[in-house]
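Peer 1: What follows is each chain in one-letter form.
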Amino acid sequence: MTNGEKNRLKDSIFKYIGVFACSIGLILLAIFIGNIIYDGFNRIDWSFLTSLPSRKAEKAGILTAWSGSLWIVIFTFIIAVPIGISAGVYLEEYNRKNKLTRLLEINISNLAGVPSIIYGLLGLEIFVRLSNLGSSVLAGSFTLALLILPIIIVATREALKAVPSSIRAASFGLGATKWQTTWYQVLPAASGGILTGVILAISRAVGETAPLIVVGALAYVPFTPKGPMDEFTVLPIQIFNWVSRPQHEFAINAAAAIIILLAITFTMNGIAVYFRNKWQKKINW
Amino acid sequence: MKYKLEAKNIDVFYGKLKALNNINIGITENAVTGLIGPSGCGKSTFLRLFNRMNDYIDSFKLNGDIYIDNTNIYDKSVLVDELRKNVGMVFQKPNPFPKSIFDNVAYGLKIQGINDKAFIKTRVKDALKQAALWEEVKDDLGKSALALSGGQQQRVCIARALAVEPSIILMDEPTSALDPIATAKVEKLILTLKEKYTIIIVTHNMQQAGRISDYTAFFYMGDLIEFDKTDTIFTNPKMERTENYITGRFG
Amino acid sequence: MNTIEKEISNLKSSLLKMFFLVEGQWEKGANAIINYDQDIAEEISSSENRINAQELKIDNDCENIIALHAPVAVDLRFILSTYKINHALEHIADIAESIAKYVSDYNIAYDKKIVDEIRLTEMLDVFNTMMDCLIEAFENEDPSIARRVFKKDKLINKINTDAHQIIINNIDKYDKNMLLYLLSSIRKIERAGDSLKKIGEEIIYHLEAKVIKHSKK
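Residue numbers (the working numbering), protein chains in the order written: chain A, 1 to 285; chain B, 286 to 536; chain C, 537 to 753.
Derived by calculation from the structure, the hints in this document are not laboratory data. All of these numbers come straight from a predicted model, not from anything done at the bench. Among the hints, erroneous ones may be present.
In silico DSS-like links for lysine-lysine, alpha-carbon gap of 25 Å or less [said to hold, decoys possible]:
(1) B:Lys361 to A:Lys278
(2) A:Lys99 to B:Lys301
(3) C:Lys553 to C:Lys542
(4) B:Lys473 to B:Lys514
(5) B:Lys384 to A:Lys161
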């Protein structure tokens, strides 16, 4: 066999390995989703969405779970987004490069990789106990905000980095201050990227279970939260709770809730992708 | 003779690297002064001293004084944003903001806090006319500036600088990204602008320096080798280095 | 060597060739006058074609270099001076041809005595040394050698003025026709000397960028 033939053979072998590697993930996901839909799709109806949880599987609904999730997401968003974007802007636009800031940057990147249970423990200590928030929506939101802050900061910085420095130079050259340049030029130009990062971070928050269990989200809440200080549950916890019951009907309930949860995260990811594409098309530096 | 701009004993350092070495130069009002020299010779650094664009570079350090209309612009009492309203800048690559043509040109006024719509409209129109772009874009001022051709974009950038009514315009290789026709338009524009403005232009194109500048300064390795009337530089330079550079015998 | 340097060195060799061709014409012309050689006069006429062709080639090269390479500074001065030197040389070659033509027109050898009295031979010698100086100055890019021609040109002018008086004084002693041919020749050589002086000025302009035309040297 000549070298050329060897190389071509290697090439096609690698291609098949690649196809195989890709399909494993896809096939497993498809089986999983198919299975869930088969189990739970028929269970979804209006009363499933609007009923309180119940000991009887056929009467149980996810009202408290999704409204809890909604509360959590809204507060997490309110807490994490301004802080995250501000921190990203500071690090990227204002910060002068020195050892301290480099340390800061490395730590923020590392934080993005810390297991979520650790954040849960941190939240339990700081928000639930020290700040006396109890096992409230607010404590949960703070904890999740902490969890997704690094993601938002990193995404913001990447989006800002992608804005060509010539835009900043043009703005400074006209006598704009740093704030004016950032506010009028850099942030709008980076908004697509930032938005994408924010949505991805929020969809991660929607799916988190572990830190919320640690801060004390309840498995069984017979009411929807009326304010930020109320106790709460969220969809993933409700699912976990149902799955751990022996009765088959609850498993069906869990499947139905999973479909709802998946639908929410997929939608949010879809929105993120849509904005990213729209933005890329619009700006051609 | 009184100069519009004057640089006295300028040394510039980037960290330990000396980028400019004892530069002294006087720049005449209402004339085009060209800065030429090989890449990395310090000419862009020098240009950016006049609107303090180097201030953003962390390791930048300046010794010496720069005077505009006899005011030392590196004095503590000088506000950088005020300075830049007087000293406009046009960059190498056309860099319009990703906004409409109108918003691009109006931006300099907007950041000054001017809200008078009629006033802004007049200024934008005047600036676009001065930049010889009005006729081409007057019907779609709302169009994104990024949709224009490269030459038009560069003229938007020039109009943007003119709208705040500076007295000095710095140009950093303004035509290096343009085709010959767009280049010719921008050059023609520069010649008309010098009646009202003092222009300093960095260029890599010898012929361009010859065509549009009244005075030419040749920089090499951070030194100002020669500064004279352009025709003298191009027919009879005093220094051998200048001659080698302009005739293309470098390196 | 970059592209324009190559073009310029080619142009320099072309002009040097022109110099040699013209110098050759003058050596033959001197020979024709001094030794009354009609064949040489014929030869000069035929070489004239080569000189004209060379002149056109150099013109063309100058044009191309200006159009394609946009020369500046020393290069520009070289092209401009070459362009002018080229035309001056062609003019000088024409003069060589016409004084040789006088020899064949008169059809009798010039009288040796009067030729000596008006210092025609000396004049031709001086002219040839001027030519040598210019070729050397041009080839070695040495303006000091080019400067030597100015003094020699003054000598040629002096011989020319003196010759007028001598010919008037001798107007009845010799064949008037011959005297007129000689006078014409001398005046033409004087004119050619002026052209050589101009070439010297151009060489200095090229090398030193000094315009010494129309000024006192």
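Peer 1: A separate judgement is required for each hint: does it hold in the structure or not?
Peer 2: Tested hints:
no. : hint                 : result
1   : B:Lys361 to A:Lys278 : violated, 45 Å
2   : A:Lys99 to B:Lys301  : holds, 19 Å
3   : C:Lys553 to C:Lys542 : holds, 17 Å
4   : B:Lys473 to B:Lys514 : holds, 20 Å
5   : B:Lys384 to A:Lys161 : holds, 19 Å
Of the numbered hints listed earlier, the single one contradicted by the structure is hint 1.
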